[in-house]
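Colleague: In case you want the letters, here they are:
There are 2 protein chains.
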Amino acid sequence: MSNLKKVQDFLVDRQIDAALITNPDNIFYLSNFRSDPHERLLGVVIFKEKEPFIICPSMEVSDVKAIGWPHDVIGYKDTDNAFEFLEKAILDRISELTLLAIEKEHLTVDRFEILQERFPALLFAKSDDMLAKNRLIKDVREIEYLRKAAQLADYAIEVGCGEIAEGKTELEIVQAVEQAVKQKGAEKMAFETIIISGKKTASPHGIPGDRRIEKGDFILFDLGVVYKGYCSDITRTVSFGEPAEAKLKIYETVKKAQQAAIDTVRPGILAKEVDLAARSIIDEAGYGELFPHRIGHGLGISVHEYPSITEHNNLPLEEGMVFTIEPGIYDPEITGVRIEDDVLVTKDGVEVLTKFPKELKIIE
Amino acid sequence: MSNLKKVQDFLVDRQIDAALITNPDNIFYLSNFRSDPHERLLGVVIFKEKEPFIICPSMEVSDVKAIGWPHDVIGYKDTDNAFEFLEKAILDRISELTLLAIEKEHLTVDRFEILQERFPALLFAKSDDMLAKNRLIKDVREIEYLRKAAQLADYAIEVGCGEIAEGKTELEIVQAVEQAVKQKGAEKMAFETIIISGKKTASPHGIPGDRRIEKGDFILFDLGVVYKGYCSDITRTVSFGEPAEAKLKIYETVKKAQQAAIDTVRPGILAKEVDLAARSIIDEAGYGELFPHRIGHGLGISVHEYPSITEHNNLPLEEGMVFTIEPGIYDPEITGVRIEDDVLVTKDGVEVLTKFPKELKIIE
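Just so you know, the sequences run in chain order A and B.
Here the first sequence is numbered in numbering that gives the first Met the number 0, starting from 0 and rising by one per residue.
Here the second sequence is numbered in numbering that gives the first Met the number 0, starting from 0 and rising by one per residue.
These are calculated hints, taken from the structure and not from any lab test.
Heads up, a few of these hints could be off.
Here are the simulated lysine-lysine pairs, DSS-like style, with alpha carbons at most 30 Å apart [as the list claims (entries may be wrong)]: (1) A:Lys-227 / A:Lys-346; (2) A:Lys-147 / B:Lys-255; (3) B:Lys-187 / A:Lys-198; (4) A:Lys-187 / B:Lys-271; (5) B:Lys-255 / A:Lys-167; (6) A:Lys-183 / B:Lys-214; (7) B:Lys-227 / B:Lys-346; (8) A:Lys-76 / A:Lys-183; (9) B:Lys-254 / B:Lys-167; (10) A:Lys-346 / A:Lys-254; (11) B:Lys-183 / A:Lys-198; (12) B:Lys-132 / B:Lys-64; (13) A:Lys-147 / A:Lys-76; (14) A:Lys-187 / B:Lys-87; (15) A:Lys-76 / B:Lys-214; (16) B:Lys-214 / B:Lys-357; (17) B:Lys-132 / A:Lys-103; (18) A:Lys-167 / B:Lys-357; (19) A:Lys-357 / A:Lys-254; (20) A:Lys-87 / B:Lys-183; (21) B:Lys-87 / A:Lys-271; (22) A:Lys-198 / A:Lys-254.
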């Protein structure tokens, strides 16, 4: 069933007149059209019975048609009132709009107020959960793209390890890795590449800079690529020179915790069990306070999507879900270590999409 | 006066208890802290009289402190309810919250509803315009960063021209340009680099791909970099081999229109006059229908910010404003051409920040 049809079924089922979809990731999911509209209005409008349309800046109309969108495209100029065009296009298709589904997690308050002004009697429904749920289970084509994105992430780590050398800066390695992975077929990076070294690894969201790598450093790579619109996300931590005992102990604890979490994954277990499998090992080793984030997040068109793998999420895993497993320990006095894989829930277990080895790599 | 103080003055002036700032670009403007929070809550809360605080994921608390934020930082874990922490932190500082300024152009409907539930009697004010207005006039330090970002954009065009050769793909040139400009000091690209060739140039938002460059193509570069948090944005169109007459005519029309627009810029003229100066030349040359966008947009921490330079904007220009001037003509049968500079309104005229030559460059 097409992705648009699933939304239509939702509208029929809930007796909602139409859905206005404005989140670019959902627009891509529904139309295959990808654009960053900045402050301009870009939307897909879907009806219970009528054909859907895309509304976009007039200068993008030909791009929408070029990707094969078979329905109407409404273009407006920068000097037009986009919402006037939207209102007219809706009322050209249905006589009355009484209930509209919107993405409450994406639509901004000012646009919500504009809709309220244009349609004073309009009621609103939330479409976020329906869309997130539709995107939660990946189909064969999506899994193929996610596998390929994961392979490219593995390759990026391989390149990154080869770049490590005394005196090189973090940013120099970022550049070499990004260049190599794009030459190999990545459309772009899925998020800003993190390659940090030494005690900077103790910040889970550290920013690469001009720090020069020294013997004895742990170096943490957290990166991902986009392949045909789908994201990967991998983390590996490696040692430049022989590691001190305290670092080794942290590394082995994270590695054991990460594997324990992977080993829990199969259809029917709860998301929280994945988190808790790793968390209990880290807690028992005495590092509980140094693991300040959930163990993972869903992965697909967005680099963060559902399911959220937290110690409180009672969602049962299902075949076709894809998410990260990424425990970490961050000791500001010693080092940070995080190990992250992308995993797919299979019919009877798990497929780990990222395959770069997890034995501690010691680079001389 | 510090940027935080300007917000405080606004709150005092309007008798607003507090402001919740969640747009990452505004957070950077107010705190110098830059982070992409994805679905997590990241905010700066500013009060009429009390000290401001930042609320962020606990794993980023040390990053906020490391950049020198001298006020409180409230961290929450992934399993915490971030809005519970927000509510408590506000009510720890003021006994009652009755009027809160929010960014209506950024805050999502679901977060707005959460705030309404937590503070049932709360009224909301809009802070977008105040913040946009504060950011509209650039100070000396900001102008220095914008100049440097523009220089790096010039350099990127120079590198790009040097890469043009028979059979090279658009994406290969993108990679070479991005690598070179990052090695030269750009933090990252300001947006996804556009390098498109042949008839693809007729799409204002075209996407680089595997098309191989051929003799006779026009090649359009639209790119920008971030330097110390500030963006540049340049477009140049060059010819690979001798251009056909029809292409040359389009090029010269755009060039003349762009220069005419630049020549209007000085304090006191209206934003629309800049647009109309170029538009009338393009109209007179018979290409009016093929120029489907406004002439430019403000530039600073965001790659699109105020002022918006449209044919309807009656805003008088002021010293310290920075924006793009980028007319284009897009003929799907012949070629697209766009020429874009970043300009600063000076005391008595204009400074063009991007300086790459605009004579049609013919690459043999």
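Colleague: Checking against the hints above, which ones are violated?
Modeller: 2, 4, 5, 8, 13, 14, 15, 18 and 20
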